[in-house]
Amino acid sequence: MAKRKTGCWSRRWLGNVRAACLTSTLIAGLCSGQVLRAADFALSSSPSANTTTASLEYQETDYSVVNWSVSLTTQTIPFKKEPVAVSGKIVRGILNFGGDASNSMAFVWQRDAGKLFLDLNRNQDLTDDPAGVFSSRAAKPVNYQTFTNVHLPLNTAAGKGQVLADINFSDYGSRPNCSLAVRSFWQGKVTLQGRDWQVGIVQKIIVQNNLKQISPFENGQLLLRPWEKRSQPFNTYDGSFAAVPLSRKLFVDGHAYQLVPVASSQNGAARPALQFTEQSVTLGELKITGKFIQRLVLPGGPYLVVLDQPAGIVRIPTGSYNQPNVRLEQNGTGAFCNSGQPQAGRRIAVDDKTPAVLNVGGPLTNSVNASRHGQDLRLDYRLVGAGGETYQLANQNRSQPPEFAIYKNDKKIASGKFEFG
Amino acid sequence: MPLIAGGKLTIVASSDLGVLGSRDGSPIAYNWVLPGVAPLLLPWLIILGLLTLKPNRCAGAWLIWLPLGCVFALTLAPPPILPAGTNFFLDVIAALAVGLAAVWLLSNYLRRQNQFVTFLCVLLALAGFSVLAAVARQGWNLMAIETLQVGIVLGVAVLASAVALILGGLICRSRYRPLGLYLWLFLLLAGVWLVITVPFFLFAVMASGGNIPWSSWSGFFIPVFAVTTVNYATLLPFLILSSASPFFRERLKALLHVKPETPPVMAPLPDASLKT
Chain A
682 MAKRKTGCWS RRWLGNVRAA CLTSTLIAGL CSGQVLRAAD FALSSSPSAN
732 TTTASLEYQE TDYSVVNWSV SLTTQTIPFK KEPVAVSGKI VRGILNFGGD
782 ASNSMAFVWQ RDAGKLFLDL NRNQDLTDDP AGVFSSRAAK PVNYQTFTNV
832 HLPLNTAAGK GQVLADINFS DYGSRPNCSL AVRSFWQGKV TLQGRDWQVG
882 IVQKIIVQNN LKQISPFENG QLLLRPWEKR SQPFNTYDGS FAAVPLSRKL
932 FVDGHAYQLV PVASSQNGAA RPALQFTEQS VTLGELKITG KFIQRLVLPG
982 GPYLVVLDQP AGIVRIPTGS YNQPNVRLEQ NGTGAFCNSG QPQAGRRIAV
1032 DDKTPAVLNV GGPLTNSVNA SRHGQDLRLD YRLVGAGGET YQLANQNRSQ
1082 PPEFAIYKND KKIASGKFEF G
Chain B
381 MPLIAGGKLT IVASSDLGVL GSRDGSPIAY NWVLPGVAPL LLPWLIILGL
431 LTLKPNRCAG AWLIWLPLGC VFALTLAPPP ILPAGTNFFL DVIAALAVGL
481 AAVWLLSNYL RRQNQFVTFL CVLLALAGFS VLAAVARQGW NLMAIETLQV
531 GIVLGVAVLA SAVALILGGL ICRSRYRPLG LYLWLFLLLA GVWLVITVPF
581 FLFAVMASGG NIPWSSWSGF FIPVFAVTTV NYATLLPFLI LSSASPFFRE
631 RLKALLHVKP ETPPVMAPLP DASLKT
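These protein sequence lines are chains A and B, in that order. Take 682 as the starting number for the first sequence in this note's numbering and just add one per residue. Take 381 as the starting number for the second sequence in this note's numbering and just add one per residue.
Please keep in mind that the hints were generated in silico from the structure rather than gathered at the bench. Just so you know, not all the hints are guaranteed correct.
[What the hints assert, rightly or not] DSSO-like cross-link-like pairs, simulated, lysine-lysine; straight-line CA separation at most 30 Å:
(1) B:388 / A:1092
(2) A:796 / A:770
(3) A:930 / A:968
(4) A:821 / A:910
(5) A:1098 / A:972
(6) A:1093 / B:388
(7) A:910 / A:930
(8) A:796 / A:841
(9) A:1098 / B:388
(10) A:910 / A:870
(11) B:388 / A:1089
(12) A:841 / A:761
[Stated by the list, open to error] Covered by chain A, per the in silico footprint, the following chain B stretches (three or more residues, Cβ under 8 Å):
(13) 392–400
(14) 403–411
Glycine included, C-beta positions come from ideal geometry on N, C-alpha and C.
From just these sequences and the hints, can you work out the full model?
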């Protein structure tokens, strides 16, 4: 599960007034239903007349599309063949990329030398992988080092594949940690109802050890955006919602689709594809009151509903949905609301008789929560939408934090800036 | 910036939202009730109460307001060098000053024949009055994170101050020399703070295989030195009072078991007969 943490703005006064910040944590959770499992991948396809297939190509980028934490097992016993030891601390062990041993990879991290050796051919010999030797991007700090442009070979159900990533190793305490900034994904073009879309899969290559079946696409994210935006950088946590949870039932651009990822192999190499089969569903009306909505994603319903620049009233499959994720954009200014975990009692019910009303979107309002803490007055900044939902500016300039002013009888008696934290 | 105006306040947040919204947000009404006077006055009432005790019924005892006032003035107008997020230190300093003033005024009651018992008495008095002052400053909000922060640092500061005072008395027991006592107290405070905090640092060193960059060393020792200095700066006005005021000088010497200076031995003059 991807986890994103963001801060909010607040202000603390000394003496009689103290304002601190409530940190808002936005958790990008996968939908409780409709998330594809490895077993959901079809190994062959039988397209029908209303089926469109998008073949996916492996794509590398110069930015990270997703970050994953990697489970690693350290050991003190050297591998049977290791690079020449150097002075300083040496961390060695296994990177557990998957639940089975075939995707695990031995490594030696010569921390003080800033070197990383990967056993790319997985033969426990770390001296015969010329492409597996990496130097840290920066000499310091030694506790946190990044090794860039690492191509990790992976064995998948569909054949051999790879992932481009920057590997971060950190060692501050009792055990080292490792994370990947993944810089590759699978993408292709599909035309749905005459409109071109860039579709793709952002792989999740780390699976829990208790899962037996392994797929590079398991619990992955579906990249879905208009084809003309294909060159724009994206990632799964930037609030653009260009990538949404991979769902077998998708409603986009006013049409419902059965989405089937097809895992095929070409010369032993993985060649995934996405099959879109149009479905006939009962639609109901949803009235959206807010403005400036660039994308609205409704999870947790019979279909994963993706609405781009929705009109005031839209028709979507009937059913019950979780609170939406919303991206606002106008004249280059963007903001997003990530509803996070589903909240009981706050579901949106859409039926085919009465229009449902969804109060989300702009205009946004600067707001402040005031509360007493002992002798202090605490002020917490909030950016709220039409329905009271909380937003975050997409490109918040930290040098220009939100400000506040306090008035008594129309006379300003205090003012200041919120502090981030 | 103290907010001393109570009543119905209107608070407005503002930020540039481009075309997504107005810069100024909707005014939020908040009824701000000024903090009660009692919590603010409590430290002063405590000291006033202690001044009514029989041993303190003299003009000299009232000089205790001087160091206390100095420290409180410092907390009201702090130097602009405090790192962000360390403002709670001001509450710690103010509370510790109340505790020290109480110890100075109660020293007649705290002194015992056994120095360890004296240490325990000093520790209890210092902790009790400091915590009382700290909790009052926090509006009796015991569960607040700010109260917890203050409590932890205040606990260490109280322990360090009590240990330093008693050990300083032991070292200087043969002769009362103010400057020597000042110096020893600083060194002892630094030592106690290091003893308390070094285990955490050593644990980190061991966990990292012994390779700690210089930045980590300085990142540990500089804050410890800074906290020691702040702790000492809180204690110093009371030490100066004890040097300047005969009333408190005798009390400090008695509390620390410093032997009174014996008058120089007058050697008897040889029984010489002056011959003229």
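Do the hints match the structure? See the list:
Taken as a hint, the residue 388 of chain B and residue 1092 of chain A pair is honoured in the structure, with Cα atoms around 12 Å apart against an allowance of 30 Å. For a cut-off of 30 Å, the pair hint linking residue 796 of chain A to residue 770 of chain A stands: about 11 Å separates their Cα positions. At most 30 Å may separate the alpha-carbon atoms for a hinted pair to count; residue 930 of chain A and residue 968 of chain A meet this at roughly 22 Å. Distance hint between residue 821 of chain A and residue 910 of chain A is unfulfilled; the C-alpha atoms sit about 37 Å from each other, more than 30 Å.
For the hint pairing residue 1098 of chain A with residue 972 of chain A, the CA-to-CA distance comes to about 28 Å; that is within 30 Å, so the pair holds. The hinted pair formed by residue 1093 of chain A and residue 388 of chain B meets the criterion: a straight-line CA distance of about 13 Å does not exceed 30 Å. Distance hint between residue 910 of chain A and residue 930 of chain A is fulfilled; the C-alpha atoms sit about 23 Å from each other, no more than 30 Å. Restraint check for residue 796 of chain A and residue 841 of chain A: the C-alpha separation of about 27 Å stays at or below 30 Å, so the hint holds.
Restraint check for residue 1098 of chain A and residue 388 of chain B: the C-alpha separation of about 21 Å stays at or below 30 Å, so the hint holds. With a CA separation close to 12 Å, the supplied pair residue 910 of chain A and residue 870 of chain A stays within the 30 Å bound. Pair hint residue 388 of chain B plus residue 1089 of chain A holds up; C-alpha atoms about 7 Å apart against a cutoff of 30 Å. Between residue 841 of chain A and residue 761 of chain A the CA atoms are separated by roughly 26 Å; this keeps the pair inside 30 Å, and the hint holds.
By the rule of at least three residues with a Cβ nearer than 8 Å to a Cβ of chain A, the coverage given for the region 392–400 of chain B holds, with 9 such residues. With 7 residues carrying a beta carbon less than 8 Å from a beta carbon of chain A, the region 403–411 of chain B meets the three-residue requirement, and the given coverage holds.
Against the hints set out earlier in the document, a violation occurs for number 4 only.
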